[in-house]
Structure formats: structure tokens, C-alpha cells
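Participant: Okay, here's what each chain looks like letter by letter:
Protein chains: 2
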Amino acid sequence: MSKYWSNIVSRLTPYTPGEQPKDKSLLKLNTNENPYSPSTKVLDAIKLSVKESLRLYPDPESNDLKETISNYYGLSKSNIFVGNGSDEILAFIFQALLKKEAPVLFPDITYSFYPAYCSLYDIKYKKIPLDKELNINLEDYLINNGGIIFPNPNAPTGIPKRLVDIENLLQLNRESVVVIDEAYVDFGTESAVKLINQYKNLLITQSFSKSRSLAGMRLGCAFADEDLIEALNRVKNSFNSYPIDRLAQIAGIKAIQDEDYFNLTRIKIIEARKFLEKELFLINFEVLPSGANFIFTRHKSKDAITIFKILRESGVMVRHFSEPERISQFLRITIGTMEDMQKLISILKATL
Amino acid sequence: MSKYWSNIVSRLTPYTPGEQPKDKSLLKLNTNENPYSPSTKVLDAIKLSVKESLRLYPDPESNDLKETISNYYGLSKSNIFVGNGSDEILAFIFQALLKKEAPVLFPDITYSFYPAYCSLYDIKYKKIPLDKELNINLEDYLINNGGIIFPNPNAPTGIPKRLVDIENLLQLNRESVVVIDEAYVDFGTESAVKLINQYKNLLITQSFSKSRSLAGMRLGCAFADEDLIEALNRVKNSFNSYPIDRLAQIAGIKAIQDEDYFNLTRIKIIEARKFLEKELFLINFEVLPSGANFIFTRHKSKDAITIFKILRESGVMVRHFSEPERISQFLRITIGTMEDMQKLISILKATL
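Residue numbers (my numbering), protein chains in the order written: chain A, 1 to 352; chain B, 1 to 352.
No lab work stands behind these hints: they were computed from the structure.
Please note: incorrect hints may appear among the correct ones.
Claimed, not checked - With a cut-off of at most 30 Å between alpha-carbon atoms, the simulated DSBU-like pairs for lysine-lysine come out as follows:
(1) A:K24 <-> B:K51
(2) B:K268 <-> B:K41
(3) B:K24 <-> A:K77
(4) B:K41 <-> B:K3
The structure displayed is predicted, hence computed values, not measured ones.
Input sequences plus hints: build the corresponding full structure.
Facilitator: So this is what it looks like as C-alpha cells:
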């Protein structure tokens, strides 16, 4: 540790993202990207915006983008926040709304960025264990807390919660903010967006990286009562006035507007997931129920790291989490095209 | 204040950026943007990158961009940090390196985002008054401190410090980090980058928004000893793994590589500034010496707000700061093209 560092720096345990390989020939099923290109309407609109006006700052409030999102979801613009990826929004949420006397609660097996945010902002937290089947049991969250956050569907398990269970939690937990991280919601999980106007403590984040095929552009959004959005705006405007560049703003607008392409691609991914689940079952894999664009799976007899290495040698990248021990025999596999899934199954059949 | 907010939120006094008007016919001299388009090499390279691969995450470490910057400045890649605009980098710097027992020092008249960062991270600070001529007097900073930060040239005055004075400060202040915010350095101020390898506590930030004409793309960089860069990386990786999108990374690379265009445009801006200074002098304005792409000026008898309003009615936007009172008779005017400056002078001559 350098004497020049603030105290917080040496305490940090940064998040480690999945590998981004230079080798383009690899079949990349490790970071939950969409196998389909962004919509041509998105690409064309970005290209048209690559011009002289890039010399000018973007709209600091991303008003047109917020307008488009609010119209799409039937909400008011004051219910919308946008950020440089949903990771940035989550960081603002932890700082603005989850730093309390009581600990924030999240699952013991979930998106591993949550504890990193807690270290960054010195926030107390308590991990709530998943149940025996690796489900989030929301009754376990009805304890003293400074906020609750979980992904729906959960990551890396992919298991979705029903909306009725989320609404039940919201009715019983009124004194702190409940954050639903819906990064993967569009692949077969029911969104809680329709509850925004009923619960003043509900906050939902979504991402353009997965279902909108825009991981490379960095864009996320959040929905909540305007009091919660105001807290996020205050933090954002004390951090970076212009977090979203001109091209990302136009990309987001066009991605929302091209609903046909959005539905076409997400349905293809759901079909490919069903195919993969069925095929894996036939070769002795157990697959957790998924509402996401990935599955969490383990072989009934073969070691996860062995399978991970075999796949890597065959040019397929998947993700393995060595901790906690309870999930160390699982692999997380991103859903690609039907051809990608067929290739994966062929390799597994040939090598296992 | 909502009961759901963290304590910090109600304490925040967010930064207010200059107005971004919808009316494109206005002559925009209020937010220090470059009047020239980004290089055609930059625009062409961005367009070529608007393709299917935007579905994939960008390189989280921006390695190619860091490589390009480090080669250009003759530094090691481990001396380089990049961020989503230099504002994001400044936020990380305050949290990672300036939160100390002793207060961070900065000028009383300077970039008004600095106190906003201090509120955001609960950092003690002490404002050091500019001298009678609105200069930063670095001898005043040789007191107990948890860090020192100032822009060179300073904003909104535009007055540059000489490198010899900065080196003198670095020799006498070894126990805390000295941050030089060089957002405007390329318009006639000497950079301290050549001192990076000599002083382990020197940190420099630069922006692609001004001299590289890329305000719309959000990109900044920082230079320091690798121990300081490591602190910034730890914070960044606890906040957002992928802060810089694919198109911004390629834009930054090409902007650095097109040195001819960079020099051509910044020299034009320096010439237009000299023209404006001379013409303003002839119509009874006092102009502070500027090493930036803006000037800070006051009329010897006419009220600043009156002039501000006259200009706005004539379609010209400049910036006025009502606080502190000491600068309330000044206007900050961004340097545009020679034609922009001629238009401004004509309006002033016709109306004052």
C-alpha cells in the first residue's frame, strides 16, 4: 500500500469481469453477450451521428433517451434514470440509497459486484443463503435491513422469481429500498416494472447489453418513484455531468424503438436455450431452470474444471466460478445461436 | 429529503454544467468546446467500428488506447489511466487519493466540480484564495494538506502556471499527491507530463473534449507513477468494469495518432484567441492572460450581466459565474473560429 492512497483503496476487492479474448475464432459463451448484432436501425442511426457534432458535449440529462424509455414502459420521464451501463447505475444506487445503519441484504450466491460496491462505499451487508435448490427465498429477507437487492433472474443461477413473490416482499418490506436487478429479465422472466407506480421503495435496473445487443456501447437504465430517481441524479451530477456519449444516446433510442427486432432475437435465444437444456439433459447434465440468456449446469459425474478445460481446448469459452464451493461444480453457459448450441453439444458428446 | 436516501444525498451540492441549447443556430461560446470537427480519420475509424461487434463488451482495460497514449507521451502503459471523460477520472482521484486526515487544497476560484466531489466522498477541503491579479500563488499551498489540486491553466481565469513553479511545488510538497488538471493545456500552457517519472506524487489529468474535439464521445486520461494508477484502477474496478465503450476507445486512438490535425486546429484556436484579445482590448475590455481555449474578460465600465444578455439576444452564448462576487463582473468566452470571433466583436461593437 502506498502512503498516497486513501484508506479505502487497500480495503477494496474489485470485481473481476469475464475474459475478453483477442482470439476472434473462439466461441464466446462466457460473458452473456447476445449472439445477434444490434439492430440495423441502431447501426444506421449511430453511423449518421458520427459527424462534426461529436465536438459538442452530449445532452447531460439524456432527455430524448429518457423520453423514449418512459413512453415505451408507460412511465413518466421523472421515473427514469440512465447510466453508463447498469453497473454504473448500481454503483450510484449503493451510494445513494443502500448506505444505511442496517445492513443491505443480498443472496450469498449472486452478482459478485454487489460486495465490491459495499467495500467501495463502506456499506454494511449481510448475505442471505440460497435455499437447497439454489433459489432465493424472499421470506428470509424479512429481517432488519438497510435495503434489499437481488437480480431477477438471479445470476449466475439464472433462476427467476415470480412477480407475486416480489409483490409480497414489497408489501411486507416498506421501510427500505428494494432493488430488482433485471439485467436478464427479457429472456423469459416477468419484469416488476408494472409495480413502479404502486411502491415508492421499488427500484429496477435494466441493461442494454444483453437483450438489446449493445454491450459494446455501455448503456443501462433504472425505473423508480421520482424521489429515488432524484437521489440518483444528485449523485450522478456530483460525479460526472455527461456520463453517456452522443452515440450511446442515439443507440439506446433506436434499440428501444425497434421492438420487432428485439422480440425476434430474444425469442430465438429462448428457443436455443430450450434446445440446449434438452440436449444437456440427454448427456447427463443437470440444468437449473433459467429465465436468462444463460444456463447454470453441472454434469452428474464429470468435474466442472475438467469440462471447462476440454471446452476451452476445443475453442469454446464458458464461465466457471470456483467460489463459493457450493457452486464450484457448475458451469455458466451463455446462450448463443442455435448453431452455437449445436456446436457446443457436438463437442461435449465427442469429448465426454 | 426522502427516508430512503442515504445520509450523503441531502448534503450534496451537484455541479451545474453550462447550458446545452436545442437551438442549433446559436453561436455556442459557453462550454469550451472546440469549433472544429473531430479529425476525419477519427470519424472514419468510428464509422468502421459501427458493426455487429457492438454486441460484445469492450476491452475493460482499454489496452490499445493506453498503449497509444503511452507511446505518444513516452511513458509506460502502467503510467496511464483512462476514463469516461476527465470528470470521471477526477471523481476516482478524489476518492482514491485525496480523502485524508488533512484537507485537500484547491483555489477559491477554480473548476467548481472540486467541492462537489468533496461533498460526494465526505472529504475535507480548504480553498486557497487567488492573489490580487487572480493568479494561483503556489507558495500558499505549502501548508499541512491531504493533497493539492488545481487546473493548469486555471479555469475559469485561463491563467497558466509556469512549469518551473510547479516543479518547485513538487520539490517542497512530497507527502501528498499533487494533481494538475490539464484539461486546457494544449492551447498554450506547458504540460507537466515530462515530470511524471521524477515525482511519485504527481498526477496529471487531460481531456479529449477540448483539444481533440471529442466532447461528445466522453474520454479523458491521466498520467502518474504506477502506484497512483493502481489506486485508480482499484476504484474503477469496484465501480464499473467497462467505463469506455468500443467507439470511444477507437476514437481516442485515432485522435492521438492524427497529430497533424491536432496541431493544425489548436494553432488556429490560439491565433483566434490572440485576435480576440487584441480586439477586446480596443473596445475597453480587460482580458486576463490565457493559456486556454477560452478567455476571462470584463468591460471597464459596462456590467457583465448586461453584456451577457445583449449577447444572448444576439444569438451568442457565453458563460457568467455570479459567485464568488469577485468574478461576477467577468465573462468566460470560448474561443471559436476566426469567423466566430469576428462575429462576436461586430456584435459587441454594434451594441455596447
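Participant: Please write out, lowest number first, the hints stated earlier that are contradicted by the structure.
Facilitator: 4
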